[in-house]
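Line by line, the protein sequences give chains A and B. Take 4 as the starting number for the first sequence in the working numbering and just add one per residue. Take 183 as the starting number for the second sequence in the working numbering and just add one per residue.
Source of the hints: derived by calculation from the structure; they are not laboratory data. Hints may contain errors.
What follows is a set of in silico ranges between Cβ atoms, one per label pair, in the way DEER data are often shown [what the hints assert, rightly or not]:
#, chain 1, residue 1, chain 2, residue 2, range
1, B, Val-357, A, Thr-9, 45 to 55 Å
2, B, Arg-202, A, Val-76, 43 to 53 Å
3, B, Pro-251, A, Ala-55, 28 to 38 Å
4, B, Val-357, A, Leu-7, 54 to 64 Å
5, A, Pro-51, B, Thr-334, 28 to 38 Å
6, B, Pro-297, A, Ile-19, 31 to 41 Å
7, A, Val-76, B, Thr-334, 33 to 43 Å
8, B, Ile-302, A, Val-76, 27 to 37 Å
9, A, Gly-35, B, Val-209, 28 to 38 Å
Ideal Cβ positions, reconstructed from N, Cα and C, are used throughout, including at glycine.
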Amino acid sequence: MEALLTRYRNLTVLLIAFFAQLVLIAFQVRTGKDVPLLRVWAITAVTPVEQALEFVRRNTIGVAENYFLLVGVRSENERLQKEVGQLKLKNHYLQTQLSTADRARALGVFQAQSPSKMLPARIIGTGTGTNSQVVFIDRGSGSEVEAGMAVITPDGIVGKVIDAYPTASLVMLVTDPSFAAGVISQKNHTRGTLKGQGQPQAIVDYVQNEQKVDPGEMFFTSGDDRIFPKGFPVGEAAVVKSGKIFKQIYIVPSAFQTGLEEVLVVLEGVHQPIPEMETPSAAMKMLPPPPDAAATAGQANAGISALSTDADRLKAEYKQLGETQKHVYGDGNTRAPDLTKIGQPPKPEVPAAATPAGPTATSLQPKSATNDANAGTTTPPKPNPLGAGAAATSPGQNPKPSATAAGLTPQVPKPKPVTGDATAASPGQKTKPPATDAGLTPQPKPVTSDATAASPGQKPKPPAADAGLTPQAPKPKPVTSDATVASPGQKPKPLATDAGLTPQAPKPKPVTGDATAASPVQKPKPPATDAGLTPQAPKPKPVTSDATAASPVQKPKPPATDAGLTPQALKPKPVTGDATAASPVQKPKPPATDAGLTPQAPKPKPANPDAATTLAKPKLRGPLLVTDPADANPELAAPANPPKPKQQNQ
Amino acid sequence: MSEYSERLLVDAPRKNKTQRLRLIWLVLIPLVAILFQVYVSRFFHRLSYLELPLLITVHFALSERRPIPALAYGAVIGMIQDSLTNQPIGVFGIAKTLVGYFAASVSLRFDVENPVVTFILTFFFYFFHEFLHWVEVRALLGHPLSFDPQQTLLFGLLNATVSVPLYLVLDKLKVAA
Chain A
4 MEALLTRYRN LTVLLIAFFA QLVLIAFQVR TGKDVPLLRV WAITAVTPVE QALEFVRRNT
64 IGVAENYFLL VGVRSENERL QKEVGQLKLK NHYLQTQLST ADRARALGVF QAQSPSKMLP
124 ARIIGTGTGT NSQVVFIDRG SGSEVEAGMA VITPDGIVGK VIDAYPTASL VMLVTDPSFA
184 AGVISQKNHT RGTLKGQGQP QAIVDYVQNE QKVDPGEMFF TSGDDRIFPK GFPVGEAAVV
244 KSGKIFKQIY IVPSAFQTGL EEVLVVLEGV HQPIPEMETP SAAMKMLPPP PDAAATAGQA
304 NAGISALSTD ADRLKAEYKQ LGETQKHVYG DGNTRAPDLT KIGQPPKPEV PAAATPAGPT
364 ATSLQPKSAT NDANAGTTTP PKPNPLGAGA AATSPGQNPK PSATAAGLTP QVPKPKPVTG
424 DATAASPGQK TKPPATDAGL TPQPKPVTSD ATAASPGQKP KPPAADAGLT PQAPKPKPVT
484 SDATVASPGQ KPKPLATDAG LTPQAPKPKP VTGDATAASP VQKPKPPATD AGLTPQAPKP
544 KPVTSDATAA SPVQKPKPPA TDAGLTPQAL KPKPVTGDAT AASPVQKPKP PATDAGLTPQ
604 APKPKPANPD AATTLAKPKL RGPLLVTDPA DANPELAAPA NPPKPKQQNQ
Chain B
183 MSEYSERLLV DAPRKNKTQR LRLIWLVLIP LVAILFQVYV SRFFHRLSYL ELPLLITVHF
243 ALSERRPIPA LAYGAVIGMI QDSLTNQPIG VFGIAKTLVG YFAASVSLRF DVENPVVTFI
303 LTFFFYFFHE FLHWVEVRAL LGHPLSFDPQ QTLLFGLLNA TVSVPLYLVL DKLKVAA
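Start from the sequences and build out the full structure, keeping to the hints where you can.
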């Protein structure tokens with residue numbers, strides 16, 4: 004045995020070692036117990052060395068490793084900072100895009116809700132110079148932008164286009180010292196002229212000290228300037244002080260309070276009513292209007308509140324007329340209303356066939372002129388449909404006053420002979436420029452004698468006073484743009500007929516010689532009518548529109564107010580209160596009212612039935628569409644007073 | 183095996199071998215090998231395939247040519263490895279005991295100083311070691327350890343490749359007995 008072990012010693016030791024470990028494994032597996040002694044020894048032998056190695060590594064390789072890590076961190080930090088910057092830029096860009104989209108959406112909503120035809124534009128630059136108050140927009144004549152168009156935002160008016168280039172337009176801001184616009188206050192309906200001062204604040208000038216304007220009162224465009232349609236917000240009165248003659252009213256343009264980026268160019272403006280002030284609560288008891296005020300409020304409309312303005316009363320009259328004649332304002336498909344019947348009870352129309360041969364009112368342009376003629380005269384009691392006058396004033400013929408005037412105002416006690424206004428109805432003839440009676444005076448200020456007489460709330464004045472020569476005109480303040488427009492030396496556009504605005508002629512004036520003067524081919528004679536009517540006219544000069552208009556050679560001088568307000572308005576662009584004449588597509592048509600006043604009768608243009616609701620557009624801009632004639636006419640047309648013959652100042 | 187064959191496989195110089203590792207190296211080298219396996223693999227995971235304790239055992243066995251010290255050396259290194267794992271002590275011990283024994287036995291008949299011979303022997307013993315370990319784990323412990331021969335052959339080649347320069351370095355540490 005011993006020899007065997009000696010001989011196979013190696014194998015024996017191997018087997019012993021093998022089985023010993025096998026038993027050890029079996030023991031551990033079977034009992035589930037470990038052999039802690041061996042493990043402790045092994046771990047105790049190994050882990051200190053591991054710790055030493057880790058310490059050395061941490062303090063040697065770790066430092067180098069950290070260095071490289073820091074290098075990586077540095078580069079990573081730069082990369083992250085760059086990324087953060089890019090993200091910030093992107094975020095800012097997206098926010099800008101979002102706000103731009105919001106503004107664009109707001110503009111779109113405003114554009115969709117507004118009846119005016121507008122063109123969105125973006126401000127792309129400002130004028131040179133530190134005090135520059137002009138900006139460039141990215142829409143030009145290629146986009147149908149023309150000089151004289153209004154530029155607005157939903158917050159308020161911005162300015163007006165003063166130059167239109169193919170790809171851009173130059174816009175004068177309301178803060179420019181040479182800017183002016185007609186404004187009206189919301190609460191007290193006080194009219195004034197907005198003027199820029201080169202400062203953030205603008206002033207409202209020409210407001211009498213006696214007129215009431217409250218601080219904080221909102222001002223809106225009045226439409227007088229023929230640039231800005233009526234009803235657009237302008238700004239709040241920040242400071243209201245009394246001056247020597249006029250109030251000093253400083254307003255902050257509301258369009259500039261949120262910065263300007265996107266604007267709207269008004270291609271075709273539509274007058275809108277001035278938003279009403281918030282009414283007091285229903286719980287508050289309000290007294291009825293005083294009886295005398297109600298009596299003077301409107302002779303034609305007893306139902307109108309005495310607290311309403313002349314414009315309101317006129318608006319009500321127009322509404323009533325439209326309802327009576329079933330005319331929808333703003334609808335070009337319906338026949339133009341017979342404006343001569345304002346304030347009259349509805350009467351059955353006589354069929355047009357009953358009238359003599361001649362162009363009917365609906366088919367011929369002279370219709371408007373006829374109306375004008377009728378308006379300008381006190382019509383005979385014979386009722387005559389709208390076309391009657393037209394038929395009477397067939398083209399190429401001299402107007403027949405009796406025919407035109409017939410029946411339009413039957414209740415007029417003393418029919419006034421038809422003046423040469425009827426001549427204007429002849430489309431083929433040269434007619435005289437429209438007499439800018441009070442109906443054309445946009446402002447109710449009695450600038451002209453007509454205007455004074457036209458005030459419905461006023462008592463009729465004697466003819467002498469009417470002639471526009473009224474020296475006692477409360478405000479000799481010149482003329483409105485209408486007057487300028489009526490200048491015969493320029494291309495006049497048909498103006499509003501006085502007839503439609505003044506159906507009742509309380510004091511028929513025997514107009515003579517107007518017919519003669521109205522002859523389109525004849526040289527205008529000095530209107531006998533006016534002469535006869537107002538021989539005692541002290542000053543033909545008064546800056547009335549009529550005077551300006553009547554002067555065939557003299558260039559119209561822009562009134563001080565209008566000059567600043569609307570350079571374009573100074574151009575002889577008669578604005579019509581009359582539908583017929585207001586067709587924007589028509590060539591200038593002579594106003595038919597005062598034939599005798601027009602030395603040169605412009606060629607009458609075919610009437611546009613749609614024009615019943617349009618105003619003549621200024622030369623460089625689109626027409627101002629009037630959805631409700633009462634909205635435009637209070638400023639543009641005469642109140643409901645009978646037309647009076649104009650005095651021609653030559 | 184005949185006397186003739188022994189002459190072919192074992193050359194003259196091997197018989198006069200008198201160089202051995204010092205005791206300190208016999209302790210430090212396996213310790214470093216184990217530390218390398220448990221520490222360096224932490225930072226360089228791909229080095230975990232290196233079975234340095236096995237290479238040290240094979241080198242020791244081939245150098246000593248005595249099976250009993252070789253199997254004892256292998257058993258100790260294996261049990262230390264087992265101590266640093268979560269498996270019962272003895273699994274790596276048995277494998278390395280057998281490897282040490284057979285490596286020492288083979289060294290008597292081959293010229294283990296030839297790099298090609300050492301390469302082939304190392305590759306073989308690595309495969310043998312892994313196979314034994316797999317058998318033990320599955321047979322003794324019942325653990326479902328997979329055995330991938332292809333991967334094991336690949337790792338055997340890599341360990342054999344590493345063993346050639348390693349053995350040259352370890353041979354430098356030998357001193358004359």
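Looking back at the numbered hints, which does the structure fail to meet, lowest number first? 1, 4 and 8
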